[in-house]
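From just these sequences and the hints, can you work out the full model?
As given, the protein sequences belong to chains A and B, one line each in that order. Mapping to our numbering: the first sequence position 208 is 208, numbers consecutive. Position in the second sequence (first residue = 1) + 248 = our numbering.
The hints are simulated quantities; they were obtained by calculation from the structure and are not laboratory data. From the three backbone atoms N, C-alpha and C, an ideal C-beta is built for every residue, glycine too. Keep in mind that a hint or two might mislead.
[As the list claims (entries may be wrong)] Straight-line alpha carbon distances no greater than 20 Å define the calculated SDA-like cross-link-like pairs of lysine to any residue that follow: (1) B/434 / A/161; (2) A/217 / B/359; (3) B/394 / A/25; (4) A/216 / A/98; (5) B/359 / A/2; (6) B/308 / B/423; (7) A/24 / A/44; (8) A/217 / A/19; (9) B/566 / A/245; (10) A/2 / A/168; (11) B/529 / A/248; (12) A/221 / B/508; (13) B/536 / A/238; (14) A/151 / B/431; (15) A/246 / B/410; (16) A/151 / B/438; (17) B/536 / A/230; (18) A/98 / A/135; (19) A/195 / A/184; (20) A/246 / B/438; (21) A/246 / B/475.
[Said to hold, decoys possible] Simulated DEER-style distance windows between Cβ atoms: (22) A/196 / B/262: 49 to 55 Å; (23) B/413 / A/218: 46 to 52 Å; (24) A/12 / B/536: 25 to 31 Å; (25) A/214 / B/537: 32 to 38 Å; (26) A/23 / B/490: 42 to 48 Å; (27) B/488 / A/23: 33 to 39 Å; (28) A/12 / B/563: 39 to 45 Å; (29) A/204 / B/420: 43 to 49 Å; (30) A/183 / B/430: 34 to 40 Å; (31) B/413 / A/55: 56 to 62 Å; (32) A/207 / B/569: 54 to 60 Å; (33) A/164 / B/410: 31 to 37 Å.
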Amino acid sequence: MKIAVCVNHVPDTAAKINIGSDGKSIDLNGVTFVVNPYDEFAIEEALKTKEKFGGETVAISLGGDANKETLRKSLAMGIDNAVLLKDSNYRDSLSAAKALAEEIKAQGAELVFFGKQSVDYDNSVVGQLTAELLGYNCVSVVVSFVLDGNKIICEREIEGGKEVVETTLPAIVTAQKGLNEPRYASLKGIMAAKKKEIAEKKPADANNYVEVISMKKPPAKQAGRILGTDASAVPELVQLLRNEAKVI
Amino acid sequence: MANKILVFIEQRNGQIKKSSLEAARAAYDLSTKLSANVEAVTVGNEIDGLDKVGSYGVGKATHFKNGELESYSPSGYAELVAKFANENSFDILFFGNTSMGKDLAPRVAVKIDAGLAMDCVALNYEGNNIIATRPVYAGKALIDVKINSSKKIFTLRPNVFNPGAPSENKAEIAVMNVDSPNLSVKVTDIKKADGKLDVAEADIIVSGGRGLKGPENFHLVEELAEVLGAASGASRAAVDAGWRPHAEQVGQTGKTVSPTLYIALGISGAIQHLAGMRSSKYIVAINKDKDAPIFQVADYGIAGDLFEIVPALIEEIKKIKS
Ligand SMILES: Cc1cc2nc3c(=O)[nH]c(=O)nc-3n(C[C@H](O)[C@H](O)[C@H](O)COP(=O)(O)OP(=O)(O)OC[C@H]3O[C@@H](n4cnc5c(N)ncnc54)[C@H](O)[C@@H]3O)c2cc1C
Ligand SMILES: Nc1ncnc2c1ncn2[C@@H]1O[C@H](COP(=O)(O)O)[C@@H](O)[C@H]1O
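Encoded structure:
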């Protein structure tokens, strides 16, 4: 079986975000990029599935040359092949999904892991969009995954619990934290990854439906008042919550 | 051509979600500017009081009904909602940005060929355009977006849009029985986290961090949550230590929340934690380190020992509530 995993290259969650000079995107100065945290769970699940059932794994990333770093890391963790869909222009989620869907089809992958969300634009939709474009079944926000022949049984996280979901291949599964513990790349894996070729392809041009008009910082929250240093401040706190904030 | 707006009403166990009423009202507010018509669509089996969506501005609600659709089915729901929207030429769709809405909206988007703006926190109508504001980078920035395709889908962050006071109006209901829903993706069971309120849906949240020192002390978080009718949350440090389940994690890699009141106990306020809760209306921090970054976003703080302060706080609230 061919197993694919879609990996995004995003600013580190610890990064301070400032607005770039175009007023529509972030200032990249001093921002380090990493593998999207949820995509690490996707990579791990692809590797575990291959270890169990055999097959071949491929990591796909859409973006500029910098995304090779994330593909390299995927290879170092144990993914067999990597493809960069090279386009550093802005794409909305649907345009991104169209490019990924094309490549998944070209690869003939029947099972594809995504992260549940990119921690840049926080859309949480590319996996579902891609599945819909391909006519694949899809389960999102998955915290447990079992493959049994053609059948998939997952648990997906919902408010206050989990849904047990059943479906069949071909399918896309989007990974939530809790699905597994991503492995560290071994030294051997890192060395081997350095020698591997990353295939480059040019996806069809974006046809964006969604346009970013402007980006701004959220209104600065005024630092409030420190009411005291011990329990004697409690009555004042409760009064403020009751009378000023009117929340209790 | 006049716009037609469709609001997806989410039900769980036959109960309509508050976030759907918020979406209904937001849709109605927009419709008055566009002189558009607002209808609602829902999928499920028995649904309680569906006509109350009329109190939030919806004229008519169509209910696709089948026993097997009582639980969410991504394939079944998406097919029905998309077909209904296509056949009736709805061009603007609203969903709540809940776990169901986030899953369903993109599927419908492909089926009706719509652009998507997820997790909106504001909608404005300027010069014939709907401008949606949405947080990115976990709330460290906001973007304004415009959807240029003729069909548009917006999902709205729960707890942000005010549903307003309900009117006396009742919606006209059309029940459509569904013969054989598409169950290629099917929910077979729901495992509840022992009836606890989820942080993503709560109006008040009490969260605990590493400052609680161990899982045995989280009863302080839970007791304070209980007297306030709040959900309990946690920092990642508390989750990674195995003290609390991941479902309670607030922050960039947990849940993004916007409750009316957020109380942080023994949480330092790391950038990833702040990202998930800084849009709360009121923030209270209790931390023994007066320089902890959490105080920079807190409206009210007490810079002291939580083990002394929290029990006193619980007592004081009990007193005031009785
Ligand atoms: C990729 C990535 C993603 C992350 N995502 C998240 C996320 O989603 N959510 C999240 O929360 N974190 C996240 N983090 C982790 C984050 O960086 C912090 O490590 C974490 O939030 C710290 O948790 P804490 O505040 O409970 O612990 P600490 O930072 O250790 O703070 C504990 C606080 O308790 C106070 N304290 C101690 N004893 C007492 C007492 N007796 N009374 C009062 N106060 C006391 C201390 O003064 C201190 O400020 C992420 C990190 C990374 C790298
Ligand atoms: N540019 C991209 N290249 C590869 N995968 C992506 C890209 N953008 C999003 N994805 C995948 O889609 C998931 C959800 O992303 P999003 O819908 O943007 O939050 C991510 O976790 C990735 O698995």
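Right, here's what the structure says about each hint:
no.	hint	result
1	B/434 / A/161	holds (16 Å)
2	A/217 / B/359	violated (34 Å)
3	B/394 / A/25	holds (15 Å)
4	A/216 / A/98	violated (28 Å)
5	B/359 / A/2	violated (27 Å)
6	B/308 / B/423	holds (11 Å)
7	A/24 / A/44	violated (34 Å)
8	A/217 / A/19	holds (7 Å)
9	B/566 / A/245	holds (18 Å)
10	A/2 / A/168	holds (15 Å)
11	B/529 / A/248	holds (13 Å)
12	A/221 / B/508	holds (15 Å)
13	B/536 / A/238	holds (19 Å)
14	A/151 / B/431	holds (14 Å)
15	A/246 / B/410	holds (16 Å)
16	A/151 / B/438	holds (19 Å)
17	B/536 / A/230	holds (9 Å)
18	A/98 / A/135	holds (12 Å)
19	A/195 / A/184	holds (19 Å)
20	A/246 / B/438	violated (36 Å)
21	A/246 / B/475	holds (16 Å)
22	A/196 / B/262: 49 to 55 Å	holds (53 Å)
23	B/413 / A/218: 46 to 52 Å	violated (29 Å)
24	A/12 / B/536: 25 to 31 Å	holds (29 Å)
25	A/214 / B/537: 32 to 38 Å	holds (37 Å)
26	A/23 / B/490: 42 to 48 Å	holds (44 Å)
27	B/488 / A/23: 33 to 39 Å	holds (37 Å)
28	A/12 / B/563: 39 to 45 Å	holds (43 Å)
29	A/204 / B/420: 43 to 49 Å	holds (45 Å)
30	A/183 / B/430: 34 to 40 Å	holds (37 Å)
31	B/413 / A/55: 56 to 62 Å	holds (58 Å)
32	A/207 / B/569: 54 to 60 Å	holds (56 Å)
33	A/164 / B/410: 31 to 37 Å	holds (35 Å)
Hint compliance for this structure: hints 2, 4, 5, 7, 20 and 23 are not met, and every other hint is.
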